[in-house]
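Colleague: Just so you know, the sequence shown maps onto residues -19 to -1, 1 to 448 in mature numbering (1 follows the signal peptide of the UniProt record, and there is no 0).
Misleading hints may appear alongside valid ones.
Derived DSSO-like pairs (lysine-lysine); straight-line CA-CA distance at most 27 Å [as the list claims (entries may be wrong)]: (1) K383 <-> K174; (2) K22 <-> K174; (3) K36 <-> K22; (4) K343 <-> K206; (5) K302 <-> K343; (6) K36 <-> K174; (7) K119 <-> K135; (8) K174 <-> K96.
Simulated restraints, written as ranges between beta carbons of each label pair [said to hold, decoys possible]: (9) G136 <-> Q114: 22 to 30 Å; (10) Q141 <-> R201: 53 to 61 Å; (11) N240 <-> L59: 21 to 29 Å; (12) K398 <-> A242: 42 to 50 Å.
Read the hints as simulated data drawn from the structure, not as lab findings.
The beta-carbon is built from N, C-alpha and C at its ideal position, and this holds for glycine as well.
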Amino acid sequence: MKLLQVAFPLWTLIGVTLQAPSRDKCMCELKNSEKAFPHDKLNMVEKNATVCNGKVTPQKAEELEVLLLGLDRRLAQLHEDVSVLEKEDDGDLYGVLSLHVIHNEMTEIRLLLDKLNATTEEHHRLTADTERQLDELKTEMQELETFDSMQVVKGRRTNQRLRTDLNHCLDKQNATLAPTQPPYGTCSRGPLKNITGPVVQTTGEYGGSYPYGAWGRDPRPEPGKERWYWMVAMTASNRYGHYVRLYHSLYKLIGGETNIANVLIHSANPTTNTIQGPNVVLYGGALYYNCYNQRQVCRFHLATKTVTNVYLPEGTRYNSKGNFCHLDECYPYTDLDLATDESGVWVIYTTSQDFGNLVLSKLEKSEPPTLGQTWRTSVYKLGVTNTFMACGVLYATRYVSKDMEEIFYSFDTVTGKERFNIGIFMNKMATNIQALNYSPVDQMLHAYSDSYMVSYEVIFDLSGDYF
């Protein structure tokens, strides 16, 4: 009787036969009326699901998005360039150079379109394959469910649905308003997502005579100078400069045409208040740079020809004692790096008290300008080749090879958070990059690289998922 009580709940699965060949023995024969569960098939389904998940990744969607953003920027720039050519074509050398630039841009757009088409076709194939695999997985899972005679899976689904409904209800009850402040830096665009290009590369009118220098656009230009570009070359010993070159447009800069005389800081070079080092910027019609032989930032106003000095803290390294470096060499007289972004002018330097780590300070828009809030980082300057600012975030680069530079580090001045895993790579036109300037006017990154003036398109992460 005890054996029958144990076997009875399994009656739906097995058959029970009792035999009593003798008085002192009891034998039980069990017969399974259900099919054996196909464990091999379940393992195969799990393997196929894993393969399917590996093929569909967020990176593939981002790849297409980046290409579309790049194409949009290139087409807008091409339209602007053609409009400028129509207005400013002189029928001579300038027109030929402009057409050459436009031809190069169209070639790059065609290459981008080819890559976009190839990527789109690959995504179509991936979508079709994934859809087919999902249908197969669905069919196989439905077949496997037929083995669930006790409806365990169905019960779990019901429980999961009830749990999800409960969580939705709790979320609504505890809902809070979304923060109004941007979660990264001072702009709503978020952090850097990618750098594309180079878009522009030229040696300009000097044809490679000056390996050290800087160029870019004024983020807060004077009226009528919104499309102007500037360039500063280290004309003495690759270390010193004493004038600013201005160009009415990018094509004037490429062609080396300017009807504006050099804006002289001083007739002699070097001397008091002239430029020391290539890391200079133009903001609000004034040039900001490291003053010759001083731990000071000079502001030279181009219109009034006046110079104002801002002292940096005691212990600030200058006169080539706190340079940007990589394993093979250091860039002389790069102690002070001036940078601009949407909010104004910044200075990046190092001090003896900070043991060579980067220090960042904001230059206040006062009259005269003063040193404002200061942030200290944990990145060692000798391991950095350049820095720039964008949306209140400091970015640092390092040397990878003669063809590649990496943006590897960021420091958010809003949150104080550091990241050492940015991993954005830049293709170089020459071995070294002496200066980097971000232009918030058109979200371009301007590099001065061994006499080449090169620009890159900056793409920001708008997803809100930064970490």
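Colleague: Now look at each hint and say whether the structure bears it out.
Modeller: Against the structure, the hints come out as follows:
At most 27 Å may separate the alpha-carbon atoms for a hinted pair to count; K383 and K174 meet this at roughly 23 Å. Using a Cα cut-off of 27 Å, the hinted pair K22 and K174 is violated, with the two alpha carbons roughly 42 Å apart. A C-alpha spacing of about 21 Å is found between K36 and K22, which places the hinted pair at or below 27 Å, so the restraint holds. For a cut-off of 27 Å, the pair hint linking K343 to K206 stands: about 25 Å separates their Cα positions.
Taken as a hint, the K302 and K343 pair is honoured in the structure, with Cα atoms around 22 Å apart against an allowance of 27 Å. Using a Cα cut-off of 27 Å, the hinted pair K36 and K174 holds, with the two alpha carbons roughly 22 Å apart. Taking the CA atoms of K119 and K135, the gap is near 15 Å; set against the 27 Å cutoff, the hint holds. The straight-line distance between the Cα atoms of K174 and K96 is roughly 19 Å, inside the 27 Å bound, and the hint therefore holds.
In this structure the supplied range 22 to 30 Å holds for G136 paired with Q114, their Cβ-Cβ distance being about 28 Å. Evaluation of the 53 to 61 Å hint for Q141 and R201 yields a pass: the beta carbon distance comes to about 56 Å. Hint check: N240 to L59, Cβ distance near 26 Å, so the stated range 21 to 29 Å holds. For the hinted restraint 42 to 50 Å between K398 and A242, the CB-CB distance of approximately 46 Å keeps it satisfied.
Against the hints set out earlier in the document, a violation occurs for number 2 only.
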